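Q: Letter by letter, the chains look like this.
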Amino acid sequence: MSRYLRPAARLATSARAQAIRPSVASPFLSRPAAVSSLQKRTYANASGVKDYTVRDALNEALAEELEANDKVFVLGEEVAQYNGAYKVTKGLLDRFGEKRIIDTPITESGFCGLAVGAALSGLHPVCEFMTFNFAMQAIDQIVNSAAKTLYMSGGIQPCNITFRGPNGFASGVGAQHSQDYSAWYGSIPGLKVVSPWSAEDAKGLLKAAIRDPNPVVFLENELMYGQSFPMSEAAQKDDFVIPFGKAKIERAGKDLTIVSLSRCVGQSLVAAENLKKKYGVEVEVINLRSVKPLDIETIIKSVKKTHRLLAVESGFPAYGVSAEILALTMEYGFDYLDGPAQRVTGADVPTPYAAGLEDMSFPNEGVIERFAAKMLRL
Amino acid sequence: MVLGRRTALQQPLLRSPATASTTAAPAVTLPARRHAGSLSQRPDAKHVSFPGAVKSAFSNTLRFEQPSTYPALATYRAMDQHGVAADPSFVPDLSEDAVVKLYRDMLTVSIMDLIMFDAQRQGRLSFYMVSAGEEAVSVATASALEKEDVIFCQYREQGVFRQRGFTLADFMNQLFANRKDPGKGRNMPVHYGSKELNIHTISSPLATQLPQASGAAYALKIQRMQDPSIPPRVVAAFFGEGAASEGDFHAALNIAATRSCPVIFICRNNGYAISTPTLDQYRGDGIASRGLGYGIETIRVDGNDFWAVREATKKARELALQDGGKPVLIEAMTYRVSHHSTSDDSFAYRARVEVEDWKRRDNPIARLRKWMEVKGCWDEAKEKEARESIRRDVLKAFSEAEREKKPPIRSMFEDMYENLTPDLQEQMKTLKKQIEQYPDEYDVGEFEEGAGSLGR
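Line by line, the protein sequences give chains A and B. If you want the working numbering, it's the 1-based position in the first sequence plus 464. If you want the working numbering, it's the 1-based position in the second sequence plus 6.
So that you can see chain B by itself, here it is in the shape it has in the complex (with noise of 0.2 Å):
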């Protein structure tokens, strides 16, 4: 092979100093790294041997590739429309009541956003971002990886939370804006996050979290090579394909491929960016399409087939702890049943009866209830429970949420930098002199321990 050849003379000449010293003691568990110096055109060869591309054979034909030519890219399924198993290889590996779980975990997810689009719409919150239609996608992904994995999200995964262990008290706490909210009330509402499930706090700014997926899911390689008795872990990044069109998200993975970052990217093609469609979002076969371009394994599935998205993530886990460490992408295909927001009219620019015909043809908890009620684990009458007890669940903690107190007076001046500044221990040591001066001008009632928060 041409890649390999190496002459004792060329070495010394095209090598700078730098690189021959980060050659001399190869890490083992890295593949050997190829230098530019090692490369050279034989006389008479076939194939390209510049740097940029080893195995490309030369062509003596002047054609330009079209796009067109290329068939799209397949998507996976493992289960039709009905339920029914379409890939023979498939074998569900979870048991009767852990799919159950799961479809709650889905019926929850969407129950709640029914209830907090109209708490919305009544003005009990500012701002909400509900996920129908795309259920599956963020519980079934959730439940093929570990609970040490890292995750990043969008803004529309509350699957993922929810698999993970978030509960309903979690969300509203959050919603609410009260004193058990572990963000202090200083997010907008649906930016979750969560230190023990390993999940990132939600960013407003599209985008952001691809990159950072990939630094974490490079640490998280580093820690393992100078401590393997760490279990290994991957990443796991969320993004729609509008987020796919920043510049970030190519930057991530283009870094991800070149650092071979244990890194899962799963796009959520549900084909609106608010009001944009894909067709204005982006030319080529899809997302999919992009990761092949950046050297990174690749699949594309039907995001509405809950089995089909855990297979993939499944596998795409495997794979991204395989060879020290690589990303993956998956682009599950699915549609945007809700608005993009509470800030948003979908019907603007869309016709009602797309997300009608959407609705009734194809749905993700349709689907997994067809498949379940085939295995005969789920019935018209346990639906029914299942669905009259979430809703009074969310209900519960929802009223439970909205009359809790709020975060400590002092988290106002908390969390801007580690540590206090003196000018914002001066500024609470003169709040709380106003407050105990003028008891009947401030009721403080409502904070969690009042004005003795702001120190004795």
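One chain only, chain A, in its complex shape (with noise of 0.2 Å):
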């Protein structure tokens, strides 16, 4: 892909080259009462653009590929009879019956399990974890098993899996259900990682995931699910993919490049609008849709151009996302930098309940955009 990569990492790339507190209540184990009023899909204006609502467009990208290929399926704990614990999975029980929208015990390794044997025989199951803090009871079965079995079968065996499910902190649910696991998947070869942010990114993102014949972890957002983004006409089409390991840029800037990756796009660009209007100056927002493979191309491009980089994301703070980003920065980037590159991250803390310290434990859009304003000394 390009010269920024060393070749474990070109290695990796090369299979397809190609704002705002949420209205959704939190839920624990886990879901929110009345969800169904915040599914909306507008009529299509002039251009043909359409408003979706993240849930929407998931379930559009699951449906589209179920009628597609019959080899796709769905399996998860409620994702049927109950349309799925956020609703992502709705109305597929009705259209694509019980074989294929397959609901599950209460045993996440072994539904998780069942899953990577069925894409180890050749199906392309999509496993619904009801949040990836209870994939942890079944991450054996995704790193050494989905990850691995290509690679120690001699590349006879594939492994066509999608893990989808909410990631990150919801709002209220304590230190157990409010972690971001997008470094812990994203460090093991063999996965795929990709993490989307509007609709457009739900849609494309989670069709290439499924169309992928490598095994993808598929971080959603509990809080983006709400959350309305308009459509194009494009991406409304049912051959509509986003290549993985292409970064979007989200916002044209000349000062100062912020890269970031699911709901902190929503808050940077917030924060970048301010710091326009409060200082005149022009900020990059780089959306990194996925995580593994990472597009480091495309960052330092931006990097020549502002030299500056600020990487924001709501993991933990240390050998995240954001430590990567910034390592790469300066392996590939140094020269063309006019200060350190800098993070903003959550809390070296386990997430409190109390909403207080909660709210501080992850980034805003304020706290962006005052770091950003130290960062140019404005």
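Note that these hints are calculated values from the structure, not bench results. Treat the hints with caution; some may be incorrect.
[As the list claims (entries may be wrong)] Below, a list of computed lysine-lysine pairs in the DSS-like style, where the Cα atoms sit at most 27 Å apart: (1) B/K201 to B/K411; (2) A/K710 to A/K514; (3) A/K838 to B/K439; (4) A/K769 to A/K718; (5) A/K838 to A/K769; (6) A/K838 to B/K435; (7) B/K107 to B/K439; (8) A/K718 to A/K768; (9) A/K838 to B/K438.
[Stated by the list, open to error] Selected chain B positions facing chain A (Cβ under 8 Å, derived; list incomplete): (10) V90; (11) A183; (12) S210; (13) P211; (14) E252; (15) G253; (16) Y288; (17) M418.
These numbers were taken from a predicted model, which means no experiment stands behind them. Built from N, CA and C at the ideal position, the CB exists for glycine as well.
Now that you have both chains on their own, put them together as the hints suggest.
A: Spelled out as structure tokens, the structure:
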């Protein structure tokens, strides 16, 4: 892909070259009571752009892939009868039947293992975790079986599987339900890891994940499900996929590069807008979309232009996604930097339950804005 | 018996030096260990003597066992739905006052649940879980345990806390995460814990408490082997039938059985795991059949029958302490009248009439009340008085806890590690300086000790 990448990293990318406090009440074992009222899809405007919630976009992606390929099926806790803990699989049982939309017992290691086995036998399962916090019960299946079998079998045993579900902190659900696993899965050779922000991201990346012949970890965000985004006419079609390993420049700028993913992209955009209003600076915001492979080329190109880099994410700071971005920027873009690359992350603390403390544990628009202003000496 | 057969010749050949050394000095309190090397198949034997199955007769019929041909395990009842004794051998072992006290515990939990559920709906709490329909399982089991016994709960056992002495203020302080909450406001609501009452703090991920309970029981057993003057203790571990699908449940039962741990596994089989009904949760004869599979003494009881649950737990505790300790499984059959939690609307997956029907037909509180009325120690007037006074007490504790100060600011830095690390100390110092420098910007009055907790 690019000269910025070391050989091992290049191999990993070769297979597919190609804001606001949420309204969703936050659940624990887990779900909002009446989310269906949040699902909305507006009429098309003149240019064919429609508003989709992230939830709708995911639902449409699943429906289209289930329609297109009868090897695809969905399984997980409460995905069928109950329409999914967060209603992402709403209506799929009625449309595709119980052979393809499967409710499971509360056995993450069991149903995840079953899904991996089905993938090793040639099906293309979409394995939903009620949240990625619960996937810890099944992580051996993901890391030791799904990610490694192709390699260890000498390439004869592919594992086309998609693990998906909400990731990261929600709201008022305490330390054991508020973790971001991007860095965990992003560190595993053999896995691909993507994390959408907008409705278009959600649809295009999920479809790509299901089609990708490798195991893909698809990290959604509970706080984003009910948020609406305009969806272009092209993205509404059933052939819309977003290639892995390509970041998207959500906002062009020349003074500072903010690299972010998932929900923090929206927060960074708000911060960028405020910085422009207050100080007249132009901040470039890059939506990573893909954690592994990571699009370092786009990041370095941007740094060449802005000479400053700020990574923003909601994971824990140590050994995280931001740490990787900063390290790669240092390795490949050091000479273009006018100051040290920096990061805004979640706090290095088990997520507190108390609302005030929880609020302070993660980046928000104000924190990003202030930190960026400090970097730019505004 | 083939089992004990052992020849002088076989021993040195079949035993590894490691196993030989463990048998050199057999522990007095433990039953003699069986060694693979001590078994062998006699010619023309009628029974299997493979190491993995020592009492299995040979069969010359090729036949698979059908689970459906076995009758479902019976459900023990001490009193019927009308509160009349059903087991002729059952003799209540509690005074009327003691029963009334336990009945009030059940009432307290059910009234507190209603009030707190509504409080969550009003936005005063982020989350709550009620235990309607399951009050007997927790109160009656707890009543048959000793104070020194160690408890691991799942998250629907308010009754256990209440019976063991958790006050309304204790509940409310945790729910409102105030300065009197021993968890310092770090946990989600209903994640209670109490060192004084020997109840481990509740952990959200399902079934993780079960292997831990086996381990705690193992520790109790070893402690007593080392110091026989310690009174015998057991561990009681609670879980739902949904949690029994997790791998941890199976690991817990197997390790408890093989290590002979004095632990009572108490399953609240309430029919639903969030929205998943038992039919989709498991096959076979409930959770009780799993216990038998792991070689564990097991009983199924009517979980809406206060007396049955209490009797079963009493007996289970005795069994668990026999033979140097062993696990016991109780499957208490009940019905989750409530929604799973405040995040759930169960009428999306079950008929309202089903719930109403259960409430009317069989409710643990109503059943014990009938029993008490038959005995003459309870009546409508007492019921009315009890309900009113409990409601008053709950609301009082509620408003007191809601007004209470928040934990000290210092607690924000504490307990991630045993001692504050240098960088945390530095952060605390910086915060203190910041607050002192800009007193108008920071209102720290709602925290215990204000800024003072950050050190001098």
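Q: When the structure is checked against the list of hints, which entries are broken? Sort them ascending.
A: Numbers 7 and 10, in rising order.
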